[in-house]
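Using the hints, position chains B, C and D against chain A.
Here the protein sequences line up with chains A, B, C and D, keeping their order.
The opening residue of the first sequence carries number 1 in our numbering; numbering runs sequentially from there.
The opening residue of the second sequence carries number 1 in our numbering; numbering runs sequentially from there.
The opening residue of the third sequence carries number 1 in our numbering; numbering runs sequentially from there.
The opening residue of the fourth sequence carries number 1 in our numbering; numbering runs sequentially from there.
Keep in mind the hints are simulated off the structure, nothing from the lab.
Since the model is a prediction, treat every value here as computed from it, not as a measurement.
All C-beta atoms in this analysis are idealised placements derived from N, C-alpha and C, irrespective of residue type, glycine included.
You can take every hint at face value.
As a list, the in silico BS3-like pairs of lysine-lysine whose alpha-carbon atoms are at most 27 Å apart:
id: 1; chain 1: A; residue 1: K99; chain 2: C; residue 2: K92
id: 2; chain 1: D; residue 1: K317; chain 2: A; residue 2: K317
id: 3; chain 1: D; residue 1: K92; chain 2: A; residue 2: K317
id: 4; chain 1: B; residue 1: K38; chain 2: D; residue 2: K99
id: 5; chain 1: B; residue 1: K99; chain 2: D; residue 2: K38
id: 6; chain 1: A; residue 1: K317; chain 2: D; residue 2: K288
id: 7; chain 1: A; residue 1: K288; chain 2: A; residue 2: K317
id: 8; chain 1: A; residue 1: K124; chain 2: D; residue 2: K288
id: 9; chain 1: D; residue 1: K99; chain 2: D; residue 2: K38
id: 10; chain 1: A; residue 1: K112; chain 2: A; residue 2: K14
Per label pair, the in silico range of CB-to-CB distance:
id: 11; chain 1: D; residue 1: A106; chain 2: B; residue 2: K124; range: 46 to 54 Å
id: 12; chain 1: A; residue 1: P345; chain 2: D; residue 2: E306; range: 45 to 53 Å
id: 13; chain 1: C; residue 1: Y315; chain 2: D; residue 2: G378; range: 44 to 52 Å
id: 14; chain 1: B; residue 1: K92; chain 2: A; residue 2: D285; range: 52 to 60 Å
id: 15; chain 1: C; residue 1: K38; chain 2: B; residue 2: E306; range: 43 to 51 Å
id: 16; chain 1: D; residue 1: L61; chain 2: B; residue 2: K288; range: 44 to 52 Å
id: 17; chain 1: C; residue 1: E40; chain 2: D; residue 2: G312; range: 18 to 26 Å
id: 18; chain 1: D; residue 1: A106; chain 2: B; residue 2: V292; range: 53 to 61 Å
id: 19; chain 1: C; residue 1: E40; chain 2: A; residue 2: G209; range: 53 to 61 Å
There are 4 protein chains.
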Amino acid sequence: MKDYNGLLAPAEGKLGILLPGMGAVATTLIAGVLAVRKGEGQPIGSLTQMGKIRTADGNQLIKDFVPLASLDDVEFGGWDVYEDNVYEASLKAEVLGYKTLQPVRAELEALKPMKAAFDPHYVKNLDGTHVKQFTTKLDLAEQVIADIRNFKAERECSRLVMVWCGSTEIYHEPSETHRTLAAFEEGLRTSAANIAPSMIYAYAALKEGVPFVNGAPNLTVDVPALLELAALTNTPVAGKDFKTGQTLMKTILAPGLSARALGVRGWFSTNILGNRDGLVLDDPDNFKTKEVSKLSVLDSVFHPEENPELYGDMYHKVRINYYPPAGDNKESWDNIDIFGWLNYPMQIKIDFLCRDSILAAPLVLDLALFSDLAKRAGMSGVQEWLSFYLKSPQTTDPAVRPEHDIFKQLVTLHNTLRDFMGVSRVETSNLEQYQDEPVA
Amino acid sequence: MKDYNGLLAPAEGKLGILLPGMGAVATTLIAGVLAVRKGEGQPIGSLTQMGKIRTADGNQLIKDFVPLASLDDVEFGGWDVYEDNVYEASLKAEVLGYKTLQPVRAELEALKPMKAAFDPHYVKNLDGTHVKQFTTKLDLAEQVIADIRNFKAERECSRLVMVWCGSTEIYHEPSETHRTLAAFEEGLRTSAANIAPSMIYAYAALKEGVPFVNGAPNLTVDVPALLELAALTNTPVAGKDFKTGQTLMKTILAPGLSARALGVRGWFSTNILGNRDGLVLDDPDNFKTKEVSKLSVLDSVFHPEENPELYGDMYHKVRINYYPPAGDNKESWDNIDIFGWLNYPMQIKIDFLCRDSILAAPLVLDLALFSDLAKRAGMSGVQEWLSFYLKSPQTTDPAVRPEHDIFKQLVTLHNTLRDFMGVSRVETSNLEQYQDEPVA
Amino acid sequence: MKDYNGLLAPAEGKLGILLPGMGAVATTLIAGVLAVRKGEGQPIGSLTQMGKIRTADGNQLIKDFVPLASLDDVEFGGWDVYEDNVYEASLKAEVLGYKTLQPVRAELEALKPMKAAFDPHYVKNLDGTHVKQFTTKLDLAEQVIADIRNFKAERECSRLVMVWCGSTEIYHEPSETHRTLAAFEEGLRTSAANIAPSMIYAYAALKEGVPFVNGAPNLTVDVPALLELAALTNTPVAGKDFKTGQTLMKTILAPGLSARALGVRGWFSTNILGNRDGLVLDDPDNFKTKEVSKLSVLDSVFHPEENPELYGDMYHKVRINYYPPAGDNKESWDNIDIFGWLNYPMQIKIDFLCRDSILAAPLVLDLALFSDLAKRAGMSGVQEWLSFYLKSPQTTDPAVRPEHDIFKQLVTLHNTLRDFMGVSRVETSNLEQYQDEPVA
Amino acid sequence: MKDYNGLLAPAEGKLGILLPGMGAVATTLIAGVLAVRKGEGQPIGSLTQMGKIRTADGNQLIKDFVPLASLDDVEFGGWDVYEDNVYEASLKAEVLGYKTLQPVRAELEALKPMKAAFDPHYVKNLDGTHVKQFTTKLDLAEQVIADIRNFKAERECSRLVMVWCGSTEIYHEPSETHRTLAAFEEGLRTSAANIAPSMIYAYAALKEGVPFVNGAPNLTVDVPALLELAALTNTPVAGKDFKTGQTLMKTILAPGLSARALGVRGWFSTNILGNRDGLVLDDPDNFKTKEVSKLSVLDSVFHPEENPELYGDMYHKVRINYYPPAGDNKESWDNIDIFGWLNYPMQIKIDFLCRDSILAAPLVLDLALFSDLAKRAGMSGVQEWLSFYLKSPQTTDPAVRPEHDIFKQLVTLHNTLRDFMGVSRVETSNLEQYQDEPVA
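Chain A extracted, bound-state conformation (with noise of 0.2 Å):
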């Protein structure tokens, strides 16, 4: 067990939290921790707020185990190709309701996005036009790297993480361009057609050493070229796809099924949403990235590979549907076909009323202040123990397939803090085992 101890920088000073994209989950995000620090609202969903961990003095919560920035020292900034103000974007959002909005109404309107890097082949269904002008991609990635010093500047922060909250790009498959640093660079300077707003952004917050994760399901930082630029700056990166609705669910549900033994023979899951995010994915070359991304969760936790009799001829499909009287208020409906006892059929149904961006908000707040910890630890590279939030989690090893399973990458998330702290993990007898994992 490495210790981190030692190593672990305090979390003196300002952090500066940096969102691409700041519609609904960003705006979200944002009012949601202003009213929070007013005392108006509790981060529920937020597991380095409100989660608590198991040590030696009993269930302790996380931020008073770890040394996390606090709520009071964090600050905002993002790029829109939006113009609006990010009380204007909760509002268009239709997450928040007025009375959450009212307290904060001041700070909100007082957050300009910056303009965006953007480029409309990526993302077809948009057409904002509060973007950058630019010549190459090289001069547009280093205008974002000008916007990352003057926020730090003038918002006084002592540190900075990036995370990717905008849409979800077109799917693309890592190329030549994606290989090395060098390449990557090269396609800047030739404003390469396979390097990705998204890339523009991580390649610029790397460059600076601060930390990026990935919230959307697009080729981003999980290529060679900016992995190896993230080895050089020693710098954490984390993705990608932040685990809300569907796939939660389905990380529950389908490890209680493989725990019990019990045969699926299909999951059909459909989605229906109404939101910004819904708009683009009704552009199949968009849905595609996302479909990737989605379909991927089940395997990991059946091994089909190894438990044909139970999981080898399991059908999996997912669908997403454009459905505006649905705004923010994602639904999905899946069907799950399962078999138990001499291959005897059963069935179950779950329809989730959700709310995409309550969902995502918390996430992005935990992935932001433990990014930052992670920094502080001298950690680099990607966070693997992140995986809880994430639907298509990166693992070290690219080899290596991702853990999928939500209780085991739990197991990891504490074991990790555990780590950092020097604290040993949990010997568990017979008899404590039972209390071995405190709850939230």
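Same frame as chain A, now just chains B, C and D:
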């Protein structure tokens, strides 16, 4: 860690599985095991047959890792208030279809229940007549003991286990009669009203050193008198109430919500079922017993006293409705009112179209084989490691709240099996832990 | 066809709508009408305001076809066991939001309930103290009559109607006291236990010639004594039990299944609701009243005695559960077991996330305006044509089973309106009939 | 009112029912009729067999009221791209179970499909080889005509009808080829690409004076050329697309919402099915045809142009997903966003676990028997009164929007039957109307 290895007696000879209550669950188990023996079906849902455990050599079938009785060495017997043979009872239960039953028809017809120890006071909605005559309850217990001995001799079994598959009895609280073995035996002699039929079977089994598992929510082996007897005869016990449909889903889903620090405001659970179990539970006194069992699970997962902001005000309601059109196809519908970031509400609806006996049968098998294993390992008293299978697990220390989180229950089960084999628990490092627990 | 036209008195002056029970339904009605008057909302769900009828001149708004009281000429009054003014009661009901209530706040605050005629024996779970003192039940009735007269004078109304919006009372059967008006009035004098509060209100209204509509499933105007009084004072009555969520769905869906000759084996209906109505129904005696009302609807649609192969063995079960997290957002879940060709089974599951008072408010409005219309048309006694709005419609001939098919009920309502106006019923030819009944 | 009575030829001799497409629907029909003949099952879902009609003498079975062909006088024949006999095809369809099929096995085995008129361009996902060779499409049509004549002669039928039970063809619009009979016949001679196989069958049938019903959403008899031919040969036609699961529910529920003047903001419909129909619809070109058919139903019920406040902004989306685990057990899930009083939103979710062919088979039977009746009544051209059975009813006047409200459709069907019998339509008075339309 105890070294059970040296103590672990091999699984030589035949294992008799005795089942008080030969209705839908028991007949589904028996027909299924016979079918599996003939290669006519898979024992899906059974960890002892299909499940794996992670060892130093990778994932291994549990039945290859610990010395369990083979399905080929199992003999079935039991008692019922109706005199139908197992084939007839299977037809009436309408769980298994024609194609499943035909190949094993002759064997099933040969299996006839012994006369039951019955008391209509405890199960008002049944009117069976295939019951024992008796003078005192002690006489009744001695008749059951004689049955056990005869069965063992006739079937040439080397070992026995007993799993209660009978109906839910009416609700009653432990009293003086149940406090000591002496008081209990005095109660048998005086035919004390608060000695339920299930206690008669348990007494008989434990007296004979036969492990006893309680598959219903009845007050049975969870009284001091019978635990005293179990200790005296060095016999394992486990209980209570098979964790099948709705509660299974609850103990999968609740840990997931808790993992994410999502709050719960209400959980409404309703069930419709039309089998004999449903008929019995249509009586409010019997339903009370089941309700207490079903209501307990959430608190131990959510720890509302430690997490009042998240779970302090949760309203939990459970309903069971007798609905003949459903037959054995028990259906549960849950509405869960959760809340997230800034307390915004969301909902999850789960419709589980399950088959009660299909889910229960493999649990009976596992509990039988594992309690036999425990006996051979020299264990006695409450087998808390079998909580995985039970809705209201008994704990070794009655003052300790049972663990309901199915994922923690599974870790405990696996670790106990490792203990039996003298294998060290897998030490998890940050890198290795993802592969820590195998599926199925 | 009667010629009501010559008889139909115009809707001159103000119409007072008197509401015994000023809880969620009544306050939602009042706030809504005030909002609509200000142009702040639409009276969706109200046929008198939004509905159309096919006439010789094409589809016409019902309110343009028959002379109804205008919303501008309506005055509201009522009684309640709590003294909250209508604004406060609206806030507590949590049906309408801040944005709806603010523009009409002052008007709502000015509306205060009169003290209620209350008897805790009939509604055990309420404990209101804003109640009338009285010597005999006759005294109590006379106080209500005085209230009616005062209200009419103070608000300068030319006409009144009364719609019961109070709680469900406990179940009781008609008895001698209810058989004749003379017996009833003797019962009032001797304070007979089986005269429920709702009967006091109905008696007072009918005595004054004020139409009375019963929105709850109580035994009220459906006793001979009060029908005798209605005939005597030439007053219309209608009842009983507003047809809102689950039963509304039933009377829509059942005619559809019947139209297709699809069989029904079982219909299981459960409800969760958390408002005052739910609290009252948590008492088994009050639930009994509601259950009887809710169970009756299917038989009159399916006619099992005429169609035994399809509906002869149908098992129908209804459950209502008090579940506070739902508040006024009543949710119903139905499982319907149907069968088709060669008796193969299929299922329909309906989850209706409704809002009880949002569905009920427009019914109260329509019933008030239509019963005023009936009064002006010189009709008296049971207004069977208003069955469209009611879960347990009263019939003019008590020996005749009521019609529950909502589509037939609507045809009757339309035809009655045509009768009022002396317009002949639309003669349908093979070609024209498709346009026979307009929507909405 | 026309007097068909004098014209109505009796149902003498045998009726041949010819089915292009002998997959799940056709085989379920045939096996079912044979089983019913043997008294082995009930023709549930068939109005001609189980339904009643109100007459002067009370409710009467439809088959006793109008002279229909008896099930004993029916002969089945058909074409398919696979050469399986009807027993084999039934087994593969997995609709009817072993117990249903065994008693009629021999008869089913004797029924073998004729070689199909097939064009893979119209149904890409099928690869059948049991197809006719031909030079021109005229040649192909003449082969089908020869088949019809041979069948009639061999089976000694006095009359024939043809009901298309084949797959959904790809979407195409009517063109010049379809405008006149002359152009169409020229197209046959030149093998015009836009003459689909379904049109070949329809041409052949109509040429022979055999009524043709289109059970799929294909462009078939709804083109002027074939209507011209129908008029020429005095032959009834009807179409299109059997109204089975989700659309059936829609045309039941939508009239109910409309009756209550409840608004609809969105209606999302998804389907999962795994039979051959699902496979065909997995191709976007074929799905387009079905989508157009399924989308049309709501507008004609809601009349958004007349009721813009209620239905003007409704968002309607339909999805069909090929999901093999479902087999023929088609499941539809609908989310309906409605709104009521003051525009407050509510939701209805419907999960219909149906069986596609179980619902469709009785429709085929009714359409066959009723179109034979129409023929005998001397009717020709579009039989609008059969709209009750169809998702996209053809209208006699193509400029008139079809009626989709299933309750109005049923009234029309009943009235047409009364017309056939020269019985006057029931005159409804205020008192009698409740008994106006019988169930089933």
